[in-house]
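J.: Residue strings, one per chain:
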Amino acid sequence: MTSKRRFRGLIVAGGTLAAAIVLAACGGSGGIENSSSGPANVQTAKYTPPPSGDLTISNWPLYIDKNTVSNFDKATGVNTTYIEDVNDNQEFFAKMQPLLAKGQSGGRSMFVVTDWMAKKMYDFGYLQKIDKAGIPNVTANLRDNLKHPSFDPNRDFSVPWQSGMTGLIVNSKLAPNVHSINDLFDPQYKGKVEMLTELRDTVPLVMKADGIDPNTATQQDWLDTIDKLKQAVASGQIRRFTGNDYTRDMANGDVSAIIGWSGDAVQLQADNPDIQFRMPTQGCILWSDNMVLPVGAPNTTAAEAFMNYVYDPHNQAPIASYNSYVTPVDGVREIFQKTNPDLVNDPLIFPTADYTKNCSTQPNLSGQEEQTVTRAFEGVLNS
Amino acid sequence: MRNQRIVALRRRLIPYFLLGPGILWLILFFVVPMYYMGRLSLDTGVFPSFQFNWQFSNYSDVLSAYDTQFIRAFEYSAAATVIGLLIAYPLAYAIAFRGGRWKNAMLLAVIAPFFTTYLIRTLAWETILSDNGFVVHTMQSLGLISGDGRVLATSGAVIAGLTYNFLPFMILPIYASLERLDRSLIEAAKDLYSSSRQAFLRVTLPLSMPGLVAGTLLTFIPATGDYINAQFLGGAQQSMIGNVIQSLYLKQTDYPAAAALSFTLMAAMLAIVFIYIRFAGSEALMGEEVEST
Numbered sequence: 181m182t183s184k185r186r187f188r189g190l191i192v193a194g195g196t197l198a199a200a201i202v203l204a205a206c207g208g209s210g211g212i213e214n215s216s217s218g219p220a221n222v223q224t225a226k227y228t229p230p231p232s233g234d235l236t237i238s239n240w241p242l243y244i245d246k247n248t249v250s251n252f253d254k255a256t257g258v259n260t261t262y263i264e265d266v267n268d269n270q271e272f273f274a275k276m277q278p279l280l281a282k283g284q285s286g287g288r289s290m291f292v293v294t295d296w297m298a299k300k301m302y303d304f305g306y307l308q309k310i311d312k313a314g315i316p317n318v319t320a321n322l323r324d325n326l327k328h329p330s331f332d333p334n335r336d337f338s339v340p341w342q343s344g345m346t347g348l349i350v351n352s353k354l355a356p357n358v359h360s361i362n363d364l365f366d367p368q369y370k371g372k373v374e375m376l377t378e379l380r381d382t383v384p385l386v387m388k389a390d391g392i393d394p395n396t397a398t399q400q401d402w403l404d405t406i407d408k409l410k411q412a413v414a415s416g417q418i419r420r421f422t423g424n425d426y427t428r429d430m431a432n433g434d435v436s437a438i439i440g441w442s443g444d445a446v447q448l449q450a451d452n453p454d455i456q457f458r459m460p461t462q463g464c465i466l467w468s469d470n471m472v473l474p475v476g477a478p479n480t481t482a483a484e485a486f487m488n489y490v491y492d493p494h495n496q497a498p499i500a501s502y503n504s505y506v507t508p509v510d511g512v513r514e515i516f517q518k519t520n521p522d523l524v525n526d527p528l529i530f531p532t533a534d535y536t537k538n539c540s541t542q543p544n545l546s547g548q549e550e551q552t553v554t555r556a557f558e559g560v561l562n563s
Numbered sequence: 247m248r249n250q251r252i253v254a255l256r257r258r259l260i261p262y263f264l265l266g267p268g269i270l271w272l273i274l275f276f277v278v279p280m281y282y283m284g285r286l287s288l289d290t291g292v293f294p295s296f297q298f299n300w301q302f303s304n305y306s307d308v309l310s311a312y313d314t315q316f317i318r319a320f321e322y323s324a325a326a327t328v329i330g331l332l333i334a335y336p337l338a339y340a341i342a343f344r345g346g347r348w349k350n351a352m353l354l355a356v357i358a359p360f361f362t363t364y365l366i367r368t369l370a371w372e373t374i375l376s377d378n379g380f381v382v383h384t385m386q387s388l389g390l391i392s393g394d395g396r397v398l399a400t401s402g403a404v405i406a407g408l409t410y411n412f413l414p415f416m417i418l419p420i421y422a423s424l425e426r427l428d429r430s431l432i433e434a435a436k437d438l439y440s441s442s443r444q445a446f447l448r449v450t451l452p453l454s455m456p457g458l459v460a461g462t463l464l465t466f467i468p469a470t471g472d473y474i475n476a477q478f479l480g481g482a483q484q485s486m487i488g489n490v491i492q493s494l495y496l497k498q499t500d501y502p503a504a505a506a507l508s509f510t511l512m513a514a515m516l517a518i519v520f521i522y523i524r525f526a527g528s529e530a531l532m533g534e535e536v537e538s539t
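Those sequence lines, one after another, are chains A and B. In terms of the working numbering, the first sequence opens at residue 181 and continues consecutively. In terms of the working numbering, the second sequence opens at residue 247 and continues consecutively.
By construction, these hints were calculated from the structure, which means they are not laboratory data. Fair warning: this is a prediction, and the values are worked out from it, not measured in the lab. Here a beta-carbon is modelled for each residue, glycine too, at the ideal position from N, C-alpha and C. Treat the hints with care, since some could be wrong.
Sample of chain B residues lacking proximity to chain A, with all beta carbon distances greater than 10 Å (derived) [unchecked claim]:
1) Phe293
2) Asn378
3) Arg448
4) Ile518
Looking from chain B toward chain A, a few residues come up when the C-beta cut is under 10 Å (computed) [claimed, not checked]:
5) Ser430
6) Ala434
7) Phe478
8) Gly481
9) Tyr495
One side of the interface only, derived from the structure: several residues of chain B facing chain A at Cβ under 10 Å [stated by the list, open to error]:
10) Tyr312
11) Glu372
12) Leu398
13) Ser401
14) Val490
15) Leu496
16) Thr499
Given only the sequences and the hints, what does the whole structure look like? Please build it.
T.: Here is the structure:
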């Protein structure tokens, strides 16, 4: 009896303590209940040479060769920590946002995020402008068609890391006749089709196949297209939606034709020559992943030095040959002519203007429209 | 006199000291986050500016929007629990009563999968159950699935994955309760002319109930909230409630809806577990400690 009463007392004491801590911790509003500050007072990350000290970079996995980081460290005396912790734009944003809202970058000097996410972060006031004085190589060598994107016309806050195309990846033995996104809805490929979980890749491609320009599409166009996907899921046409994991399904032969990224196709093809990237007849989606400087970033001078370093074509060449994505740096092709002549005519690495003539950039979505469309799309992913 | 009082005081304080670290841990990492989650679940607004608004409709909204995935999660995990039990009980019985000198080796084999991470184990199943794999071809030739049928991206694959991943949590408690069972009780039953079957049903099974109840709970609870198996082994139509919560938090950044859904899930699980324990009897869960008092 007594011991029971004593334990009850303990529970009460614990509860009181808990309440006290909670009350102490919740003085004002909760951590994420901050309003956005907007891009009105964006600072420029002043370049003050020489670069030195520690540099921390967050990038996507398998996006750099093994030597570039150590070569950069040797050339500049900077001590770089390179982390591969960006797996998904939205998830990375959700993870970083509470810090960014407080003006912190979690110790990172530089991130790599896709166009629309760079724009979104910038609009929230989470990015700094890049000091052009620190990146002469970027000014000199950035490819012309990437110099003035609609989301950042003067490249004030973003520098492309690599670019790529979203289109069809097919197993030419299993799906010889798939050339348009519309062919993915052909019942003969029922259950053998996959699409990407990226809203801004999958939906615009399906829109284009239906003759809608994704960059001028209305919210209703988005919802109608998402509804079309929903029906294709319900009928069993679309097996599932994936990120990079479609590479396993493709390699295992579980799927015949999918929506995927150009660089993956090059790597898949190395294992299975039947797998190939196909430019959809109605065009692809073009995107870049960009280096950006978050607010509160330490040692932005070293980060700018890194941007400048990878924009020297000689330093870019190993990154480009490792990735098989579209390199944003002019002059790499000339180097490849000597070192990797077989890559020079690969349209996935050096696409001609004619090859990408029907392609669109990823459309911008924001505010309420973004939330409505995202919710509808996620509803299809989790039917 | 004084000395005695100090001893008495110390004796009274010792339990507090012993409980201290645990309680502090629970407060910091359970009570405080729960408070914020509860508060968040009543917010309104668009990310990142949410306002606290006593928005109780968040709860009814998520429940009506995601009832399919909610029910599916409970169905899948109930199926995985039942199948797991059917596999685990005979196995645990065999190890406990017939293991002999192989007992430790067999237990090691049960735990061995834990040497590989959960994610990798699930991904391995993706390869095992692949459309062109051995398992699917065998099932096709046995007529278990149609000639162009598949296993991956079906409910069966998700349930199989859940069963596999949580099986050790079912086996170990059942094994523990069978292992410490007093064998002379079974002999006594047989001396009293009960058949093997009767002895099992009236002695072994009731005495192993604590392990059985613990095992089913350890399987059912985590399996209901799981999203890895549905993500890798399921298709677009096999999403469980965990996948929806993940999407709401990380993709849609709709924190109030995600928090409301998490709370609803917790409440539903608590209710089910409560009814289950009531039904199975709390003595079954607590085991001998209750009996001995």
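J.: Evaluate each hint against the coordinates.
T.: Cross-check of the supplied hints:
1. Interface exclusion of Phe293/B from chain A breaks down, the closest Cβ pair being 8 Å apart, not more than 10 Å.
2. With a cut of 10 Å on Cβ distances, Asn378/B falls inside the contact zone with chain A, its closest approach being about 5 Å.
3. In this structure Arg448/B is separated from chain A by more than 10 Å, as the shortest Cβ-Cβ distance comes to about 33 Å.
4. With a least beta-carbon separation of about 22 Å from chain A, Ile518/B lies farther than 10 Å from that chain, consistent with its non-interface assignment.
5. Because the beta carbon of Ser430/B sits about 33 Å from the nearest beta carbon in chain A, more than 10 Å, this interface hint is broken.
6. Interface restraint check: Ala434/B against chain A, minimum CB-CB distance 35 Å, threshold 10 Å, status violated.
7. Given the 10 Å rule on beta carbons, the hint for Phe478/B holds: about 8 Å separates it from the nearest Cβ of chain A.
8. Residue-level restraint check for Gly481/B holds (minimum Cβ-Cβ distance to chain A is 4 Å; threshold 10 Å).
9. This hint holds: Tyr495/B has a C-beta 7 Å from the nearest C-beta of chain A, less than the 10 Å allowed.
10. Because the closest C-beta pair between Tyr312/B and chain A is about 8 Å apart, less than 10 Å, the hint holds.
11. The interface hint given for Glu372/B holds, since its Cβ lies 6 Å from the closest Cβ of chain A, which is under the 10 Å cut-off.
12. The interface hint given for Leu398/B is met, as the beta carbon of that residue sits about 6 Å from the closest beta carbon of chain A, less than 10 Å.
13. Interface restraint check: Ser401/B against chain A, minimum CB-CB distance 13 Å, threshold 10 Å, status violated.
14. Nearest Cβ of chain A to the Cβ of Val490/B: about 5 Å, under the 10 Å cut. The hint holds.
15. Contact between Leu496/B and chain A, as hinted, is supported at the beta carbon level, the nearest pair being about 4 Å apart and thus within 10 Å.
16. For Thr499/B, the interface hint holds, the least distance from its beta-carbon to any beta-carbon of chain A being 5 Å, beneath 10 Å.
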